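Colleague: Going down the list, the sequences are from chains A and B.
In terms of our numbering, the first sequence is numbered consecutively and its last residue is 389.
In terms of our numbering, the second sequence is numbered consecutively and its last residue is 767.
Honestly, the hints are just simulated from the structure, not real lab data.
Possibly wrong hints are sitting among the right ones.
[To be verified] Here are the in silico distance ranges between beta carbons for each label pair:
#1 THR530/B to PRO284/A: 33 to 39 Å
#2 ALA578/B to GLY296/A: 55 to 61 Å
#3 ARG39/A to LYS589/B: 44 to 50 Å
#4 GLY421/B to GLU45/A: 56 to 62 Å
#5 LEU512/B to ASN141/A: 34 to 40 Å
#6 LYS686/B to ASP112/A: 47 to 53 Å
#7 GLU632/B to ASP112/A: 45 to 51 Å
#8 ARG611/B to PRO284/A: 32 to 38 Å
#9 LEU388/A to ALA616/B: 56 to 62 Å
#10 ASP350/A to GLU617/B: 45 to 51 Å
#11 VAL118/A to ILE685/B: 27 to 33 Å
Quick caveat: nothing in here was measured; it's all calculated off a predicted structure.
We put the CB at the ideal spot given by N, CA and C, even for glycine.
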Amino acid sequence: MAYLDHAATTPMLPEAIEAMTAQLSVTGNASSLHAAGRRARRTVEESRETLADSLGARPSEVVFTAGGTEADNLAVKGLYWSRRDADPRRTRVLTGPVEHHAVLDAVDWLADHEGATVEHLPVDRYGRVYPEDLREAILRNPDDVAMITVMWANNEIGTIMPVRELAAVAAEFGIPMHADAVQAFGQLEVDFARSGLAAMTVSGHKIGGPFGIGALLLGRDHTPVPVLHGGGQERHVRSGTLDAPAIASFAVAGRLAAERREEFARRVGALRDDLVTAVRRAVPDAVLGGDPDPAGRLPANAHFSFPGCEGDSLLLLLDAQGIACSTGSACTAGIAQPSHVLLATGTDPDLARGTLRFSLGHTSTEEDVKALAEAIGPAVERARTAGLS
Amino acid sequence: MTQTSQRPLRVLAAMSGGVDSAVAAARAVEAGHDVTGVHLALSANPQSFRTGARGCCTIEDSRDARRAADVIGIPFYVWDLAERFREDVVEDFVAEYEAGRTPNPCLRCNEKIKFAALLDKALALGFDAVCTGHYATVVLTEDGGRELHRASDMAKDQSYVLGVLDEKQLAHAMFPLGDTLTTKDEIRAEAERRGLAVAKKPDSHDICFIADGDTQGFLANRLGGPAEGDIVDEAGTKVGTHEGAFGFTIGQRKGLKIGHPAPDGKPRYVLDISPVNNTVTVGPVEALDVTSLTAIKPRWCGTPPSGPGTYTAQLRAHGGESEVTAELVDGSELHVTFTEPVRGVAPGQAVVLYDGTRVVGSATIAKTVRRERVAAGG
Chain A
1 MAYLDHAATT PMLPEAIEAM TAQLSVTGNA SSLHAAGRRA RRTVEESRET LADSLGARPS
61 EVVFTAGGTE ADNLAVKGLY WSRRDADPRR TRVLTGPVEH HAVLDAVDWL ADHEGATVEH
121 LPVDRYGRVY PEDLREAILR NPDDVAMITV MWANNEIGTI MPVRELAAVA AEFGIPMHAD
181 AVQAFGQLEV DFARSGLAAM TVSGHKIGGP FGIGALLLGR DHTPVPVLHG GGQERHVRSG
241 TLDAPAIASF AVAGRLAAER REEFARRVGA LRDDLVTAVR RAVPDAVLGG DPDPAGRLPA
301 NAHFSFPGCE GDSLLLLLDA QGIACSTGSA CTAGIAQPSH VLLATGTDPD LARGTLRFSL
361 GHTSTEEDVK ALAEAIGPAV ERARTAGLS
Chain B
390 MTQTSQRPLR VLAAMSGGVD SAVAAARAVE AGHDVTGVHL ALSANPQSFR TGARGCCTIE
450 DSRDARRAAD VIGIPFYVWD LAERFREDVV EDFVAEYEAG RTPNPCLRCN EKIKFAALLD
510 KALALGFDAV CTGHYATVVL TEDGGRELHR ASDMAKDQSY VLGVLDEKQL AHAMFPLGDT
570 LTTKDEIRAE AERRGLAVAK KPDSHDICFI ADGDTQGFLA NRLGGPAEGD IVDEAGTKVG
630 THEGAFGFTI GQRKGLKIGH PAPDGKPRYV LDISPVNNTV TVGPVEALDV TSLTAIKPRW
690 CGTPPSGPGT YTAQLRAHGG ESEVTAELVD GSELHVTFTE PVRGVAPGQA VVLYDGTRVV
750 GSATIAKTVR RERVAAGG
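Chain A extracted, bound-state conformation (with noise of 0.2 Å):
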């Protein structure tokens, strides 16, 4: 079977698998203060401090969530409540129109229950977001910005986006930004101090380790609005036991994700370089999705839409043939719709129904390229025959 769908979910690291199942048979919730949970709550601040050392932040800059989804939701949620409690002015939510789901629907909650007005930054082909627009932006009126939401790189076509530079804008005006470093963490160098950011979200089974255990990096000026209410843990932002297994397994594989970036970048970098060579050669129409220059993509990632063809179609044929690759972002209807990402980007409605995505991780081989290449020709030809129904 060749895997090609690692920004979906990479297999657990043996490291990442060997902390948690070492943490599942120990009792003791980290808030408790007997023994027992002493030594849950020192496991947990531990891999506070790796964490944290992987991501160039301070510990008590780490609040755990239960994924990246909740980071983000708590993020684009609880800073917008806490910047307009301040000063009810602040409605104005400048993002870009290429989000993933877990910011672009909360934005859009906010728009359509608590008065938000949603204003999508202008993006290049690639979907890139500039600092010049985000300054014009923000100088229609700077005192109604609430926050600011850029990802750090695209998980459908992988462009990297300037944060540091957009991140220096907001920071001149005062204004918290965040962004959703999911995709980018383990592929590209992601410090949160030097990025000047308020708020950055990571997620564990993106680098190998496990699933529903995520961060948001939260400065420590920031005090957004709680999502869920409780027991009052992780700086009274995150309420909810603290899932220690799933934590302890989440530093390491953030541990090993950040030391071993470079090597990642390199290896995974030039796989991918082959795959989209291939790709070409036996589909000399396809159009690569993103950015072609390999500086401004993620190094395991690689787009393409085959036109006359539904991706569905291309789907069905490649998984027959044990090939795993997705048709942009994952939806849960399971009804192929036009991606969001592609319309942004001023993608052919057409071409853009007949895309998919091949991402790469730490298991990918020569040989799962090698698979896709021999593959996609024919399953191309078959799909067009199919055609767009």
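Given chain A, work out where chain B should sit, using these hints.
Modeller: Positioned in the frame of chain A, the structure of chain B alone reads:
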């Protein structure tokens, strides 16, 4: 005569989320075929949960189908055929009612969606056959041809709604439930035994895109709201009013809301619907007797019959059989004469001709000829 071919086929199983199609897919796997499940998203708004809906268009059904596919152990996809369905089935349904006819959307769906749009795509993607949970039997003839027959269990037979399939469509159709001599309860028991959670799911509505079963309301909504018109008797005398002629069906007795009885005290039935002047004609049950009909757009399951022949005919889903003689005229019109008059024949419905259990072909009823009667009270 056997349904299952010896050769393992690549089969696309249409899975509605109901129990029949799930068991059909499981049986296809058991017969050794390489099966992939597909759920057809047919609703224009697949995101909506419609409470109480038991049709084939909800997210819930899609999830049920997916869960069944997971249990059976086959790949599963959702294909969005909502646009084709809207054009070929829903719009056709509305237009037919608007013209005073009574369409059968399930036939249309089988003809245009399941065994056309879906089958074409399946074949293009390298599948050999489409499998559904219909109760009907495909029989291989000695010369390698295909025949469609009634299901072994006449009580569950659905060959009527498949009567529109031609030989080419039939060549790629698989109905694993067709030779089941079991009750629906036993199909449910089989589903249970196979670990399929849909075992206890209620049966679907007749018309999947009318979630609440309120056809009148659906049509009123589509055809511009109620337009009051007259209900008249056979002599043309006004006996009541209605709120839109399109909602009625020939032979309908309930829901006329006339309020006062006929002079002879007998119940009245819808005899005729005239959308042009928005009039519904009612009369006694005898006036429904039809002696012959003309049907158009014939589709043959194999070679069209030459010359007049004796057949049995079925005139609606779950309807009984009638003895007829039928003849194809000019290759495009089917003339059907009943040995004994039949009641409640509605233009727009299909007449399906059978030779024994074999489906010969079908056509859409265009005109009916009523039996001449001695005027009531004359």
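Colleague: Confirm or reject each hint.
Modeller: Evaluated hints:
| no. | hint | in the structure |
| --- | --- | --- |
| 1 | THR530/B to PRO284/A: 33 to 39 Å | violated (47 Å) |
| 2 | ALA578/B to GLY296/A: 55 to 61 Å | holds (60 Å) |
| 3 | ARG39/A to LYS589/B: 44 to 50 Å | holds (47 Å) |
| 4 | GLY421/B to GLU45/A: 56 to 62 Å | holds (58 Å) |
| 5 | LEU512/B to ASN141/A: 34 to 40 Å | violated (59 Å) |
| 6 | LYS686/B to ASP112/A: 47 to 53 Å | holds (49 Å) |
| 7 | GLU632/B to ASP112/A: 45 to 51 Å | violated (37 Å) |
| 8 | ARG611/B to PRO284/A: 32 to 38 Å | violated (47 Å) |
| 9 | LEU388/A to ALA616/B: 56 to 62 Å | violated (39 Å) |
| 10 | ASP350/A to GLU617/B: 45 to 51 Å | holds (46 Å) |
| 11 | VAL118/A to ILE685/B: 27 to 33 Å | violated (55 Å) |
Hint compliance for this structure: hints 1, 5, 7, 8, 9, 11 are broken, all remaining hints hold.
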